[in-house]
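Visitor: Sequence:
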Amino acid sequence: MKAHLTADSDDFTNYEKKFLFVGSLEERKNIKALIMAFHLSGLQKSGFSLIIVGGDGYGNEEIRQLVAKVKGVKLAGFLDDRDLEILYRTSWAFVYPSMWEGFGLPLLEAMARGLPCIASSHSAVREVGADAALFIQASDVDSISKALIQSSKWEPKERESYMLLSLERSKDFSFEKFISIIEDAVIEICARKSGEFFDFENENQLPPSFLTFPWIEQFPKSLGDIPESHSEAYLILILQLARIRMERRLTELSKKDLDGKERSAVEKEFSSIEFAIEARIRELKRLKNYKEGVID
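With the UniProt record's numbering, the residue at position 144 of the sequence shown is 144, and numbering never jumps.
Since the hints were derived computationally from the structure, they do not count as laboratory data. The beta carbon of each residue, even a glycine, is placed where N, CA and C say it ideally should be. Treat the hints with care, since some could be wrong.
[As the list claims (entries may be wrong)] When the alpha-carbon atoms are kept at most 30 Å apart in a straight line, the in silico DSS-like pairs for lysine-lysine are as follows: (1) K153 <-> K71; (2) K268 <-> K71; (3) K74 <-> K153; (4) K17 <-> K69; (5) K17 <-> K45; (6) K17 <-> K146.
[What the hints assert, rightly or not] Here are the computed distance ranges between Cβ atoms for each label pair: (7) Q44 <-> R82: 39 to 47 Å; (8) R89 <-> Q137: 22 to 30 Å; (9) F78 <-> L253: 30 to 38 Å.
All chains, full assembly: derive it from the sequences and hints.
Guide: Spelled out as structure tokens, the structure:
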């Protein structure tokens, strides 16, 4: 078995000559096709290498056997965060030819670090990559090989354009973007319930406290006003949003030199909101159990 790479290895210094793959060694990742494509490209003769990072999965033995036969391909095994971070930031391009993915987190991690990406046009990988990656037909070794060759010829400005595309695409999956989507969903739901829309961009409509939700204060007096099919989920969603906002606020406060009073006030405010929402959730459950003849 080949030795694992470390942060001091020569492989981390030649940043213009490395293609990187991150993922478990299993068949659906299409690693064998990637290795064969790299061999077909002949780029190892120009000093390029293919570094494969990841633990063993189904079919790893066949992958290892193929690696032993192809010059320029290196198995890095499982790397810690520090070493993986270095690889993400120093490789020439990230290659992700997976045949099937539920999401494709390594691709997003590479994009978040500004690494140009070559990716499969299959499944969720295409959705994650959007217009920011150079796409390949994963089932076609020749297609992968041509993409590797094409990327190896990038001029600095062309490679930089792919780097910028990666960074911009990764912002669509940022924590702040996630918060915004959740907030929009909650606001829309509450607008339907109350017939009123709360504009968070309008300062005149903003509550005095970042945790005081108008829809909590003006929540329907009767729980029967909320369809039973999703009333509990609705309350849980609001509670989760409150928690997210609290954590974000506490993170902001941790960067300041404070005596802890403001932090305590935030935690106390959230506790009161959490108590109120959880009490309503319990009430819903009791009501549901009563209707179903279940005794608490």
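Visitor: Compare the structure with each hint and give your call.
Guide: Evaluation of the provided hints:
Restraint check for K153 and K71: the C-alpha separation of about 20 Å stays at or below 30 Å, so the hint holds. Only pairs whose Cα atoms come within 30 Å are accepted, and K268 paired with K71 is rejected, the gap being roughly 62 Å. At most 30 Å may separate the alpha-carbon atoms for a hinted pair to count; K74 and K153 meet this at roughly 22 Å. Between K17 and K69 the alpha-carbon distance is near 20 Å, which keeps this suggested pair within the 30 Å criterion.
A threshold of 30 Å between alpha carbons decides the hint, and for K17 with K45 the separation of about 11 Å falls inside it, so the pair holds. For the suggested pair K17 and K146, the alpha carbons sit about 16 Å apart, so the restraint of at most 30 Å is met. For Q44 and R82, the Cβ-Cβ distance of about 27 Å falls outside the hinted range of 39 to 47 Å, so the restraint is violated. In this structure, R89 and Q137 meet the distance hint of 22 to 30 Å, their C-beta atoms being roughly 29 Å apart.
Checked against the hint of 30 to 38 Å, the C-beta distance between F78 and L253 comes to roughly 36 Å, which is consistent with it.
Of the hints listed earlier, those the structure fails to meet are numbers 2, 7, in rising order.
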